[in-house]
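Position chain B against the provided structure of chain A, taking the given hints into account.
Protein chains in written order, with this note's numbering: chain A, 118 to 767; chain B, 118 to 767.
Since the hints were made in silico from the structure, they are not lab data.
Misleading hints may appear alongside valid ones.
What the hints assert, rightly or not - Derived DSS-like pairs: lysine-lysine, alpha-carbon spacing no greater than 25 Å straight-line:
1) A:123 - B:760
2) A:578 - B:578
3) B:386 - A:168
4) B:168 - A:386
5) A:386 - B:568
6) B:755 - A:386
7) A:168 - A:469
8) B:578 - A:568
9) A:698 - A:754
10) A:755 - B:386
11) A:568 - B:464
12) B:184 - A:760
13) A:464 - B:568
14) A:691 - A:464
15) B:123 - A:386
16) B:760 - A:386
17) B:123 - B:386
18) A:568 - B:568
Said to hold, decoys possible - One-sided and incomplete, this derived list gives chain A residues near chain B with beta-carbon spacing under 10 Å:
19) 211
20) 421
21) 434
22) 573
23) 574
Idealized CB from N, CA, C, for every residue including glycine.
2 protein chains.
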Amino acid sequence: MLELLKRDGLARICSLETPGGMLETPCLLPVVNPRISTVSPRELYEDFGFKALITNSYIIRNNRELKEKALSSGVHELLDFPGIIMTDSGTFQSYVHGEVDVGNREIVEFQRDIGSDIGTVLDIFTEPSWGRERTSEAVEVTVERTREAVDLKGRMMLGGVVQGSLFEDLREDCARRLSKLNVDIHPIGGVVPLMETYRFADLVDVIVASKKGLIPSRPVHLFGAGHPMIFALAVLLGCDMFDSASYAKYARDGRFMFVEGTMHLEDMKRISCDCPACRGQSMESMSGMNQEERCRLIARHNLHEMKIEIERVKRAIAEGSIWELAEQRCRSHPALLSGLRRLAEHKVFLEKYEPLSRDSPFFYTGKESLDRPSAYRYEKRFFERYKQPQMDILVGFEDGRRPYASTYSSEMRAVSSVSDAHFVVMSPFGPVPIELDEIYPIAQSLFPDIKDADTDLKMRKLMERMSHDQTYGMCVIWEGEETLKTIRSIARGTSKFDIDMSRIRAVADYQFGEGASSILFDGEVKLVKSKTTLRIRNVLVDGAHVLSMRADDGFFTLRPEGARRLRNGFTSPKLRVIVNKDSAEFNRQGKNVFCGFVLDCDDEIVPFDEVIVVDESDTIVAIGRAMLTRTEMLAFKKGLAVKVREGVAT
Amino acid sequence: MLELLKRDGLARICSLETPGGMLETPCLLPVVNPRISTVSPRELYEDFGFKALITNSYIIRNNRELKEKALSSGVHELLDFPGIIMTDSGTFQSYVHGEVDVGNREIVEFQRDIGSDIGTVLDIFTEPSWGRERTSEAVEVTVERTREAVDLKGRMMLGGVVQGSLFEDLREDCARRLSKLNVDIHPIGGVVPLMETYRFADLVDVIVASKKGLIPSRPVHLFGAGHPMIFALAVLLGCDMFDSASYAKYARDGRFMFVEGTMHLEDMKRISCDCPACRGQSMESMSGMNQEERCRLIARHNLHEMKIEIERVKRAIAEGSIWELAEQRCRSHPALLSGLRRLAEHKVFLEKYEPLSRDSPFFYTGKESLDRPSAYRYEKRFFERYKQPQMDILVGFEDGRRPYASTYSSEMRAVSSVSDAHFVVMSPFGPVPIELDEIYPIAQSLFPDIKDADTDLKMRKLMERMSHDQTYGMCVIWEGEETLKTIRSIARGTSKFDIDMSRIRAVADYQFGEGASSILFDGEVKLVKSKTTLRIRNVLVDGAHVLSMRADDGFFTLRPEGARRLRNGFTSPKLRVIVNKDSAEFNRQGKNVFCGFVLDCDDEIVPFDEVIVVDESDTIVAIGRAMLTRTEMLAFKKGLAVKVREGVAT
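So that you can see chain A by itself, here it is in the shape it has in the complex:
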């Protein structure tokens, strides 16, 4: 069973319960060849700390000695590995050799009988060159074999492999059908040829299509992805497990894996690595080694590099910076950059899992950053949810010398407070009216001073869209300091624009949806501001505390009175998480909502959204922060669904 512990969009840290113990994901399972091991399983476990490995049941079965030992003593003893063992079925061999002399039933039973913790169906490897019909037939067979395997698995966990070649609809369909079967993990198969030929953009499409169809409560294993430079991107897309035979394969060819790319020992002029394998080594010492010693050293280096990259990726998830890390890593090869750029086509899907805000700032690393789901979210919500106050409008393009959205506030204020006009700055995120300038990612973003054509293009395109979408009294485009002075000189007297009221209205609509501001602020509104920063802290309506405003991301925290207003104003299930009776009881006392107790919820909830926890009769039992989306809350059997801030008594 899988439990989600931390997340950043689709990227997640989970704990997976297996027959062989707990496994924290994302993780790498080194591939161990049962006949020859470059690094022994015991060493992998003890020295490297790999808690799981993957080996090939087909190879074991085809060697009489190995087979007998595995059947009599179990695969753990055979390999001398005290951790979790996953086995592959022979599918890859059938891809390489054209066929295998074993049936699905037989190899699944064999995996179960040798005590594999996670076994794999004998699926059909759908190659990238295959046509639609052949692929479709292979998917049918794969699903059928998975169905067959489910009944045979016993206490072994079963991997149901998603196939479908490059046909996104077939991948998604396959994933959806497998999700309905009683399998435990989902490898994405048939992708090795894509990785071998550096077709990372296609790989991105395949992963996304698979993720769309898969139930989120099962781990996703990217079969054969064993290069550290790809981990961040794959994890960003929701992959949880990787396996690597390449650490040894590369080592035999003399190739070092680095997150910056692969280097052949022959082309290397120096050893620049400080990992436990390389430390103290030099080109001289390495050329003095025999082939086997050198191979062993490089294999250990490769394992270290991957292990530490998995750790870095996990840290990035926990800290909310997986996008920054993935964007950095994808510069290690132009083909990987293609993969990163392909993400732009999937932003609608990615946005569903995009958190409301992050602890980490938005760091721009290149034009690809503009296609992040956080940027898309802002653009979308601005055009859908933001209502222009009925005033003249001034639009300011930031010029080259002045940084973007993050630092313009004081100037914007200066202008808007002395004029009748309303002020909007064109930032790389799109038009930012002064009322929205404190929300994530606007205020928490950093861009380079020197712009690029893509940023410029995006700004102008959104500017155009704004002027087509809406009507204004007057539109002045501000480009640089000179015009700013002109604007100031035409400004007449004090402003009619109430920035504070506009801010709470705009943020409420942006965060909770159109109409939220009318529902929340119907009555006499009073604002409590911080004495030091002068920023809004609490919003009281008719004397009751409805909302607090968070300093770190500019969004609201719900208070019970605010929740009541929204519940009354919006029909169910909007903004709600509906829990069963057993849970309601606890939640009223301020205890968290856990998966397994959620009956339903608003499909538009995104991670870290403020939500209203209600019982089946739509009575409020608590307020809190959602950790998961609707699909996730309903799929997971374990783990936190809503972090409750306050229980609400009846």
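For chain B alone, coordinates are given in the frame of chain A:
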């Protein structure tokens, strides 16, 4: 004395001879506070392998006990450090505290007397906020004090600090004047405030201005640059030495340095580092430590991270991939990306040091790659040196689906061989006629399939420039496969275009300058081709072997007959390296040309250019490959100037 061992543009690996021993650069000198040391000098030397450190002579001098010990036993014994000790003069203290109670003469003598290996002048710290006049005066004083110090230095090496605030002309002038004095290394000073406020674009300007004025045979030290994320960029610009007090300062604040950026322990959710300091540590174990233990651990982590980054940078220099590394590293912070983008303004200067080709391929990492000097070189030489054959011309834009320059060859050939037309593809480097499609970086480059607006813009701009610059019989613009078919259908019969003759003419002009092809190929030309690849191997004119074509970068290797033709056709010093009598003797026997024996040479020679080695009477003594530019050959006293391939007897 400095010797250049390996280079990639301005980035270089050198060995520096100091009174305390040899030092390989680029290197980092940890700053050791003589009063408190977080990590002991002995540990720095023995455990970390730092061969040099920097300490502050002003602090030693102002503490009676330290002063007496330093004067009686020397600074090496005082710190218990067997390596090279560089000392700072108190300039930074005068910046921080407003003034210091010591004079230049006194502190220089003091540094000499305590046995410092490299001492520093008491220069004036020119702050970024200073006006022109104040800065100019400070530069005068700095130069004057350096002049004074030269006479006092004894056997100590002397650091003459380049000042000039943000005024590029003052920086360059200061550098030029200091270069004439008998000093040994050149720190760039006054830059700490730029780095503290993340003004990396300004830092780039300052470094470039200083490098323009400095004599290349002395190491350049970037004062106070002690964050690993900046090393690759600074080395790319020709900085050789760094110092870091920040490893300890950051550690005291709980900050970990990573090449991916700085992280405060408080914000970190995990330890994801495998360095000897962090290995086996967890957030729990670290919070269980007392402040001092934790500080010591982080300081050691920071030192490891910097040490290993210096090693990576060195490897990148040796392998010819410093641009790729720097571009990756500059994604760790948007301000650093500004620094990277600023390089575009310095490409004319950078191109002078840009090698003819590299062993590593050109990997595009983002739009900044288009401003690399290698791309600028191609654009420049194409427009200056390439002559259009008198034929109709077809221009093909690569469409989105098709990769750029690296893979179009077969299609280009197909078209050009069946038509009367000449074929040019618009690549991100500019127009690439089929004759130039094998040279570096065209054939050795990789771009992502999915383009960006800047690449597109550049391609269209250069296309326009081409159609303005030159006249053609006919111009067809090819955009994608459909049009390709049309072109094929209108092609009539066999081609009049001799691709092989065009190639050798175009490459000769591109490599050796306009007119080279007429000089070289005047006579009956015969080509020897590889039987397997069908590529041109040797060019014979009137029976004599004049040139060979290299498979790896598509350029020519000179043969003695080719050298003779070029010597006769071009007036001195074009393509020549002129050596003195002593050297000529040796070079005729096939021995290399060393610095110190070069009288003069062609100013247009770039690293790895084919050159003609001649004596004072312009008699050819050898042919070979230049390792250095003219300025470098004349400045260095030691090291390889031309790698001779063949001596030429009289």
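Hint by hint, here is what the structure shows:
1. A:123 - B:760: violated, 58 Å
2. A:578 - B:578: holds, 21 Å
3. B:386 - A:168: Roughly 21 Å separates the two Cα atoms, so the pair holds.
4. B:168 - A:386: Given that 25 Å is the threshold and the Cα spacing comes to 21 Å, the pair holds.
5. A:386 - B:568: violated, 33 Å
6. B:755 - A:386: Status holds; Cα separation ~22 Å.
7. A:168 - A:469: Given pair residue 168 of chain A, residue 469 of chain A is violated - Cα atoms ~32 Å apart, limit 25 Å.
8. B:578 - A:568: With a Cα-Cα distance of about 18 Å, the restraint between residue 578 of chain B and residue 568 of chain A holds, given a limit of 25 Å.
9. A:698 - A:754: Holds, at roughly 17 Å.
10. A:755 - B:386: Distance of about 22 Å is within 25 Å: holds.
11. A:568 - B:464: With Cα atoms ~18 Å apart, residue 568 of chain A and residue 464 of chain B stay inside 25 Å; holds.
12. B:184 - A:760: violated, 62 Å
13. A:464 - B:568: Holds. Residue 464 of chain A to residue 568 of chain B sits at ~18 Å (cutoff 25 Å).
14. A:691 - A:464: holds, 23 Å
15. B:123 - A:386: holds, 10 Å
16. B:760 - A:386: holds, 19 Å
17. B:123 - B:386: The hint is violated at about 41 Å.
18. A:568 - B:568: holds, 17 Å
19. 211: violated, 31 Å
20. 421: Since chain B brings a Cβ to about 7 Å from residue 421 of chain A, closer than 10 Å, the hint holds.
21. 434: At about 9 Å, which falls below the 10 Å cut-off, the nearest Cβ of chain B leaves the hint on residue 434 of chain A intact, so it holds.
22. 573: holds, 8 Å
23. 574: At about 5 Å, which falls below the 10 Å cut-off, the nearest Cβ of chain B leaves the hint on residue 574 of chain A intact, so it holds.
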